[in-house]
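2 protein chains.
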Amino acid sequence: MKLYDLPASPNTRRVRIFIAEKNLEIEMIPIDMMSGENKTEEYLAKNPLGRMPLLELDGGTCIAESIAICRYLENEFPDPPLFGTTSLEKAMIEMWQRRMEFQFLNPLIDIFRNTHEMWKDRIVQIPQVAEIASEGVKEQMVWLNQELEGKEYIAGGGYSVADITAQCAFVMGKAAVGIRIPEDLSNLDAWWSRVTSRPTARA
Amino acid sequence: MKLYDLPASPNTRRVRIFIAEKNLEIEMIPIDMMSGENKTEEYLAKNPLGRMPLLELDGGTCIAESIAICRYLENEFPDPPLFGTTSLEKAMIEMWQRRMEFQFLNPLIDIFRNTHEMWKDRIVQIPQVAEIASEGVKEQMVWLNQELEGKEYIAGGGYSVADITAQCAFVMGKAAVGIRIPEDLSNLDAWWSRVTSRPTARA
Chain A
2 MKLYDLPASP NTRRVRIFIA EKNLEIEMIP IDMMSGENKT EEYLAKNPLG
52 RMPLLELDGG TCIAESIAIC RYLENEFPDP PLFGTTSLEK AMIEMWQRRM
102 EFQFLNPLID IFRNTHEMWK DRIVQIPQVA EIASEGVKEQ MVWLNQELEG
152 KEYIAGGGYS VADITAQCAF VMGKAAVGIR IPEDLSNLDA WWSRVTSRPT
202 ARA
Chain B
2 MKLYDLPASP NTRRVRIFIA EKNLEIEMIP IDMMSGENKT EEYLAKNPLG
52 RMPLLELDGG TCIAESIAIC RYLENEFPDP PLFGTTSLEK AMIEMWQRRM
102 EFQFLNPLID IFRNTHEMWK DRIVQIPQVA EIASEGVKEQ MVWLNQELEG
152 KEYIAGGGYS VADITAQCAF VMGKAAVGIR IPEDLSNLDA WWSRVTSRPT
202 ARA
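Protein chains in written order, with this note's numbering: chain A, 2 to 204; chain B, 2 to 204.
Pulled out of the complex, with its shape left as it was, chain A reads as follows (with noise of 0.2 Å):
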């Protein structure tokens, strides 16, 4: 197995994070989107979407979709469990997942593509798309510190890959587009401690 990466992406970070969670060795490589590596013909052969992360499996199979890789990763070695075990916990993981991709991850990421001089030339960006997304997230940070109460992770139990989302989108806010969480939000930033103090926060 190898995994065609983008070292800054917060979608691959997720795939990074997962393996390192599952303490498995798979071979990285790296893809130069600003070169184009991402669109070379036999790139799209893999990913016609011309999109990492990627997992080639050995006999030339080809899993995109970050969530799809961390599931496919989590059939074949289910321990430690980043999805659930029970059938609702499954479900609960699962709606955690999406909340945190809807409500942070994909919004960040607009703000990103709509503001950053690394798009510019690649996408109409549009400025009011933006502040829209960022007075969002803001206001569902709020939200999530709420539901965050007498939880030590996102989807109630241990740790899990709606964790693994949430915080690849923050490192996102904070990195690239300058939303940080606000220490007044307690649990929130309780929270970022702990999972930013895990060995494999940095995968």
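Note that these hints are calculated values from the structure, not bench results.
Just so you know, nobody snuck in bad clues.
Identical copies carry no separate label here, and so any pair may be met within one copy or between two of them.
Once the Cα atoms are required to be at most 30 Å apart in a straight line, the calculated DSBU-like pairs of lysine-lysine come out as: (1) Lys152 - Lys175; (2) Lys152 - Lys47; (3) Lys152 - Lys3; (4) Lys121 - Lys40; (5) Lys91 - Lys23; (6) Lys139 - Lys121; (7) Lys139 - Lys47; (8) Lys3 - Lys91; (9) Lys40 - Lys139; (10) Lys152 - Lys40; (11) Lys47 - Lys3; (12) Lys40 - Lys91; (13) Lys175 - Lys23; (14) Lys139 - Lys152; (15) Lys175 - Lys139; (16) Lys23 - Lys3; (17) Lys47 - Lys23.
Remember, it's a predicted structure, so these values are computed and weren't measured experimentally.
Position chain B relative to chain A; hints supplied.
Chain B in isolation, oriented as in the chain A frame:
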């Protein structure tokens, strides 16, 4: 179990089709968003994000997020499988499900929200967002048509949750924003006839 439903929403339609494919009987409770039934204290206690669909279990536990609900039902009622059975099938179906969300369903919802009268006083509408999303959806239809060469269903095997997401996206495209599958995209058009002629398509 009961499902809080928003009859016109593509996300709730995904769950209704899923339930029909599983041949389950689940009580449906329509929630009227226009009169604010999703913002009452009682509803927000069930889902603080105020969204539908929402599955309430007999013990009172609530599961939000359409795909989390579908996965819960898949785990509880495995036949017929709609998320795959082997580890690789599950990964490929998840990959395709997510592609159908990100390339079609979410952009089509964006178009609707940014242009439709219904959303005029609810959000800041940005017509340019709808224009860009509309171009993207049309381009991606060409890609999906190529991907469907030699395949009956989106993920390559039998009918799956990836087809459900795609068909709900295209129902929305046709009914709400005037984007139809062009007849010359013959693989996509044949797939569309195939899925819309299933007895569950109007669930």
